[in-house]
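Q: Add chain S to chain G, keeping to what the hints say.
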Amino acid sequence: MRYHTRAVTVIFPLVVACALFLMVGSVCGQTSSGESKSAQKFSASSIQIEPTDAGDVPVPAEFRMAVYENLITQIEKTGKFQHVYRSGDKDAASAPDLVTLHTTAKSFTKGSQKKREVTTVSGSTSLILAVHITDHAGQTLVDRDVQGKVRFLGENLRATYDFSKKVANIVRESF
Amino acid sequence: MSMDDKVNLSVATNCCRGARALGAFFLVVGASLMFFSAPARGQAAPSVVQSDVKLVIGGDTIKNNSVGTLSVVGSSLQFASAKKKMEVEASSILDISTNEDSRQNITGAAHFATMAIPYGGGRVLALFSHKVDVLTTEFKDANGGYHGAVFVLPQGQAAPFKKQLVGMGAKASVPLAEPAPANK
Numbered sequence: 025m026r027y028h029t030r031a032v033t034v035i036f037p038l039v040v041a042c043a044l045f046l047m048v049g050s051v052c053g054q055t056s057s058g059e060s061k062s063a064q065k066f067s068a069s070s071i072q073i074e075p076t077d078a079g080d081v082p083v084p085a086e087f088r089m090a091v092y093e094n095l096i097t098q099i100e101k102t103g104k105f106q107h108v109y110r111s112g113d114k115d116a117a118s119a120p121d122l123v124t125l126h127t128t129a130k131s132f133t134k135g136s137q138k139k140r141e142v143t144t145v146s147g148s149t150s151l152i153l154a155v156h157i158t159d160h161a162g163q164t165l166v167d168r169d170v171q172g173k174v175r176f177l178g179e180n181l182r183a184t185y186d187f188s189k190k191v192a193n194i195v196r197e198s199f
Numbered sequence: 114m115s116m117d118d119k120v121n122l123s124v125a126t127n128c129c130r131g132a133r134a135l136g137a138f139f140l141v142v143g144a145s146l147m148f149f150s151a152p153a154r155g156q157a158a159p160s161v162v163q164s165d166v167k168l169v170i171g172g173d174t175i176k177n178n179s180v181g182t183l184s185v186v187g188s189s190l191q192f193a194s195a196k197k198k199m200e201v202e203a204s205s206i207l208d209i210s211t212n213e214d215s216r217q218n219i220t221g222a223a224h225f226a227t228m229a230i231p232y233g234g235g236r237v238l239a240l241f242s243h244k245v246d247v248l249t250t251e252f253k254d255a256n257g258g259y260h261g262a263v264f265v266l267p268q269g270q271a272a273p274f275k276k277q278l279v280g281m282g283a284k285a286s287v288p289l290a291e292p293a294p295a296n297k
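Same order as they appear, the protein sequences are chains G and S.
Okay, so the first sequence: first residue is 25 according to our numbering, each after it adds one.
Okay, so the second sequence: first residue is 114 according to our numbering, each after it adds one.
The shape of chain G in the complex, shown without the other chains (with noise of 0.2 Å):
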């Protein structure tokens, strides 16, 4: 009986534990396959980036530059569009199904390479950006928020290289 009794006390909490366990992960599984549903696919066959909108955010016109610079870079590299225009490109106009990506800064840090590479925990550099993607009727088909930051090695601006590249990996998932 003793036994028996010792067997419900230890097994049960197991089992508590496990079905716990089953619940929760079958409900996580359930909420990341409804967002892949929801993350709906988009079709365009260009797009045009406009420059950074620092707002009044201090973000100096070198960090500025670069991202935008950087975001043409990145966006050609996916390859999901037909063209990737310029802003004020005037063959832009009479493109059928243009989207425009728009970057508004939210926030900016400037670290310094000295400080990273000397002490590896301070001194970095990061940069936040609202991307917002629109369509042709100005409707939002995309609105993130994406953080580049250089930690360790490498100099300031390459902070904007990995913004850029974040907001290149969005492009793939959202086109």
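One or more hints might be untrue.
Unchecked claim - Here chain G is said to cover these stretches of chain S; the calculated rule only asks that three of the stretch's residues, wherever they fall, bring their Cβ under 8 Å from a Cβ of chain G: (1) 169-175; (2) 205-212; (3) 273-282.
FYI, nobody ran anything at the bench for these hints, they're computed from the structure.
Since the structure is predicted, the reported quantities are computational estimates derived from the model, not experimental observations.
Ideal Cβ placement from N, Cα and C applies to all residues, glycine included.
A: Same frame as chain G, now just chain S:
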């Protein structure tokens, strides 16, 4: 003198006048070309030149981080690397700005080699850096497309470029800082 001779003489006189007029025309055109070509040759000589400039990003056909010579030739900003050249007309520059930054003295493959130095020796070497000027230009191409280019120059060398280009019609959102008057 017969009637035929008179006709021939008048034809000959007309021919001489025509030749003289043609000669005068060529003389005027030649002289004007000579006078106008002289200052044009003077403009073609670069007014501001800086070697060992790094084009960090924005050279359409030139690779990022190429090193070359930056100059103001005629009314345009020109960057020439070993193989290629880019040119931006001053009037097409929408904004030009200068900034200061610092760069490590040891870069590239040598930089990675320093990581192998034991007892944190590589970190000590990372302390050695030098100040640089960053020149950023925003401009549009012939089709209206917006571009940006970032150059890294030795310290104190970006301002003369900005001054020269602004004088030629380039726009700058931040005006050039006037040098402070020397205290007597």
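Q: The structure should be examined with respect to each hint, and the outcome stated for every one.
A: Hint check:
1. Counting residues of the region 169-175 of chain S whose CB lies closer than 8 Å to any CB of chain G gives 3, which reaches the minimum of 3, so the coverage claim holds.
2. Judged by the Cβ-Cβ criterion of 8 Å, the region 205-212 of chain S is covered by chain G as claimed, because 3 of its residues qualify and three suffice.
3. As drawn, the region 273-282 of chain S meets chain G at 0 residues by the rule of a beta-carbon pair under 8 Å; below three, the given contact is violated.
In the structure shown, a violation is registered for the earlier hint numbered 3 alone.
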